[in-house]
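So the protein lines, in turn, are chains F and R. Counting along the first sequence from 1, when you hit position 65 you're at 238 in my numbering, and nothing is skipped either side. Counting along the second sequence from 1, when you hit position 58 you're at 173 in my numbering, and nothing is skipped either side.
Hints in this document: simulated from the structure, not taken from any laboratory. Be aware that one or more of the hints could be misleading.
To be verified - Calculated cross-link-like contacts (lysine-lysine; reagent style BS3-like; alpha-carbon spacing at most 30 Å): (1) R:241 x R:474; (2) R:226 x R:255; (3) R:255 x F:279; (4) F:331 x F:218; (5) F:331 x R:474; (6) F:218 x F:309; (7) R:493 x R:466; (8) R:561 x F:331; (9) R:226 x F:331.
Unchecked claim - Far from chain R, by Cβ distances over 10 Å, these chain F residues were calculated: (10) 267; (11) 276; (12) 281; (13) 293; (14) 320; (15) 330.
Just so you know, these numbers come straight off a predicted model, no measurement behind them. The C-beta atom is built at its ideal place from N, Cα and C for all residues, glycine as well.
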Amino acid sequence: MLTATRHPAVIFRMLVVLLALSAVQIHSIGAANAQSISYDSRGLKIELSDDVQAAIDSGVTLTFESQYAHAKRFIFFDWHTELAGHEFEVTRHTLSNRYLVYESNKVEPRIFSSTRETMTYISRASLSTFSKYIAKHQAQQLHLLSEYKMRLRLSKTKLPGPMRLTAFIASDWDLDSGWTSWQSDQL
Amino acid sequence: MAIRSIIKKISSPLPVITVCTGLLFALSYLIVRSLSDDASGELQFWIAIIGSLGIATLIFFLASNGYTLLSQYRRNEIGSILTAKMVVIFFFLTMIPFSLIYFFSIQFLNKGVDSWFDVRIEQTVKDSLLLSQSALEGIKEEVISDVERIAINIRQSQNKPANELLGMIRELRAINGFTELSLYTDDGRVLAFSSSDQTNILPNTPGDEVFSELRLNQTYTLLEPISPTMQQFRVVVPIAGNQLGREFYGLQAIKLLPLRYATLASSVETASNQYAQMVFARGPLKFSLIVTLSLISLASLLFSILTAVYLSRRLVAPISNLALGTQKIAEGNYGSHLPVTSSDELGILTKSFNNMSSKISEAQQIALASQTETEQQKGYLEAVLTNLSSGVFSFDGEARLQICNSAASEILGLEQETLLSKTADTLCQPDHHAKQFFELINAGIKSKQNNWQDELTLLGAHGRQMLIVRGTVLRLNNDLFEANTQAIKPIENYVIVFDDVTNLIQAQRDAAWGEVARRLAHEIKNPLTPIQLSAERIKLKLYDHVDGELQETLERSTRTIVQQVESMKEMVNAFSSYAQPVRAKLATLDLNQLVRDVVELHSSHRHQVEIKLELNDNVPNIKANASALRQVLNNLVINASHALENTEQPMITISTQMAAKVTGNYIDLLVEDNGSGIPEDIRESLFDPYVSSKAKGSGLGLAIVKRIVEEHSGSVWAREGSNGGTAMHLRLPINAMKTYRGNRRQNSLHSSDIDPAQRTS
């Protein structure tokens with residue numbers, strides 16, 4: 174009678190390797206290219222790739238997410254609490270050839286004539302919201318002199334369905350600042 | 116063990132089928148959702164991750180099964196080769212249609228997606244957009260014209276008081292249908308403001324970029340979407356400055372696009388955007404669909420191969436079990452039962468195999484029982500044969516000795532190992548003392564007689580032996596041969612039984628002569644004394660009453676009677692002596708010394724006979740009864756002396772030597788005279804009692820010699836001497852047993868040593 178497995182050690186090693194490869198793959202999918210959105214002395218700088226620019230010019234709605242959190246280090250990991258967020262939907266109005274920014278807390282859109290102006294507004298608005306977030310928490314005396322973090326990224330999951338798989342795979346769509354620490358007195 | 120158990124469990128078909136089913140559902144969901152925008156991107160992401168993990172798991176299952184199969188193949192495990200072949204066959208059967216379907220699916224997908232984008236539709240969308248833009252451009256021009264006309268009016272009325280200017284703006288806004296009309300200074304301050312919404316207390320101030328354009332004396336116009344279905348025109352016109360020092364004023368008019376136009380424009384905008392988005396997403400869509408289709412195909416292919424592996428194992432398992440069972444039976448492990456897992460032909464085959472195995476096992480048990488019984492019978496037969504006093508030989512159909520019991524070996528003085536497995540012809544060839552015996556057996560076997568019997572005298576290891584040999588042919592039917600050839604050919608075996616009857620004959624002879632002696636003593640010896648006494652009494656009573664010749668006659672007759680009675684007593688005593696068996700103890704004896712003693716005794720009163728001794732000093736001592744052998748020598752010397760009475764130069768030669776062909780076992784003692792020899796008429800019965808060539812001989816001398824020699828397990832015969840007389844030849848064993856018959860294995864004597872022509876007994 175043939176048995177299914179007679180070499181568990183070898184097969185177990187194969188299983189471990191496969192799981193490790195899968196974990197690496199998942200991590201690579203989730204990780205962002207932090208170079209596309211960077212911080213400098215003047216604030217956030219968002220550089221759209223050609224694909225992203227073409228997409229927005231073709232009428233694809235892009236959603237930028239800014240997220241804020243209070244960072245706590247637990248052993249070797251950062252534990253984010255007090256999460257808050259803000260969304261910017263960027264779309265192009267073909268008839269007027271303008272770029273519209275819809276924010277999650279506003280009805281009327283902001284109108285810009287170029288993507289550069291649009292991105293500048295988004296960076297300013299996200300930083301402004303971060304300042305408010307810090308001020309709010311400091312006002313509540315919750316986390317004085319604590320470390321706050323924010324990140325701004327392009328949401329791939331809110332892209333049109335056919336584009337998501339490509340966006341997950343292609344690095345051109347990796348627009349993410351990554352979690353960056355800001356002391357409360359920096360802003 | 117835990118890892119082995121876990122891997123064994125997860126590699127079983129049920130988890131694999133579960134994983135495959137879930138994977139196919141997930142990938143199908145993924146490909147469906149790839150076509151729509153309303154799905155949750157997070158869910159889609161995790162479905163893709165789960166799909167990849169599922170495929171990795173399938174690859175793991177396939178790799179583990181493939182590795183296991185390869186290992187089994189390398190170890191030449193039963194069933195692995197057939198399983199591998201079936202997997203390969205299933206693989207190709209799957210791969211060929213799968214490849215075709217996959218190829219055509221990719222082609223169809225590409226063509227299908229491309230077919231969505233028709234050139235005419237694209238042109239129509241563009242034309243619609245251009246039309247909308249043209250229409251809006253016309254409206255925009257009208258609005259601009261209206262605003263510029265109002266700007267001229269306001270420029271002409273800029274010197275009016277503020278309240279009048281405000282009233283004029285309100286009036287112009289209302290007349291022209293603007294949503295809002297406002298007047299700004301060059302630094303952006305509001306001079307006048309009118310809105311159709313009474314609740315709106317603040318104007319919709321234009322941005323800095325508007326005033327930048329105004330400074331260039333350019334009119335700013337913008338179509339602004341304020342909601343998905345509402346759009347408005349914002350027109351800002353510069354008004355040249357006046358004496359108040361202002362460079363210019365800005366007149367801003369906001370006018371809602373008429374609802375009908377706004378709806379149509381929004382519809383065109385949406386359609387145009389969607390189409391542009393579709394065109395842009397054509398490549399990613401193809402990529403997504405192809406990747407998803409490839410994942411589904413890969414999952415299906417892996418699932419098919421895994422199914423092929425499991426199916427092959429399931430199909431091959433009964434065959435492997437049958438092969439293992441057959442191998443066990445070939446190795447002699449009967450009675451193994453295989454599990455019957457199905458009711459199909461393989462199940463029937465397995466059941467038949469189990470039945471066959473059971474029957475073979477039963478037959479083996481019967482055969483073992485029969486073999487055990489046969490061995491018991493054989494052991495019993497061997498025990499019987501071992502304890503038999505008769506020698507038993509069994510020859511097979513090729514006259515090859517198969518059975519030789521210990522009695523046979525003991526009687527013949529030959530080792531069993533030297534006899535077994537040899538043919539009767541071969542046994543006749545060696546020049547040993549039993550050659551005559553085996554020649555007799557060989558002749559009996561070749562005679563093909565069912566029963567035969569013969570007697571034989573051998574000079575065996577311990578002396579002369581009388582053997583009675585009986586032969587029987589055993590005819591056995593060979594059933595196997597009969598079954599194969601439909602012809603009956605009996606197998607002939609030969610059983611030879613032989614007995615050493617020397618003791619028996621001697622005992623019978625002893626008993627007969629003992630009886631004769633007893634009768635003689637009773638019937639003859641007893642009356643002799645009264646006869647002698649009566650004769651002496653007659654002499655005593657009558658001697659004084661007669662005289663002369665009568666007295667002399669009485670004296671002579673009485674003396675004669677007494678002498679004859681004494682003679683008869685001596686004869687009866689001699690006969691008793693012959694009849695009485697020798698039971699004296701055997702002791703080491705120097706035969707040469709005994710000969711010298713006897714010769715010295717006779718030389719003293721037999722001066723007329725020359726006694727010549729030719730004694731071999733190398734002759735070893737023998738075990739014998741000295742007095743008995745002394746009597747033998749006396750008898751032989753006396754007989755020789757009597758035979759030399761009429762010889763001119765009488766001479767007796769006594770010699771001892773080792774037996775010529777039986778070195779070390781026998782000693783020959785030769786008493787030879789140069790007399791007249793043995794008369795022809797008594798030559799055959801020379802050693803029988805009462806046979807004598809002498810007138811006064813009792814005829815018991817040589818009989819006693821023969822008897823004593825035979826009591827010593829020796830033999831005696833007479834032949835013609837080298838000088839024409841008689842030669843009495845005695846052959847005595849060196850190690851004669853203490854009793855008459857003992858262990859015959861110690862010595863052997865070739866009967867061929869004795870020249871048959873020289874024998875007389």
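Do the hints match the structure? See the list:
no.	hint	verdict
1	R:241 x R:474	violated (90 Å)
2	R:226 x R:255	violated (43 Å)
3	R:255 x F:279	holds (27 Å)
4	F:331 x F:218	holds (22 Å)
5	F:331 x R:474	violated (75 Å)
6	F:218 x F:309	holds (25 Å)
7	R:493 x R:466	violated (39 Å)
8	R:561 x F:331	violated (114 Å)
9	R:226 x F:331	holds (28 Å)
10	267	violated (5 Å)
11	276	holds (15 Å)
12	281	violated (6 Å)
13	293	holds (13 Å)
14	320	holds (28 Å)
15	330	violated (2 Å)
Against the hints set out earlier in the document, violations occur for numbers 1, 2, 5, 7, 8, 10, 12 and 15.
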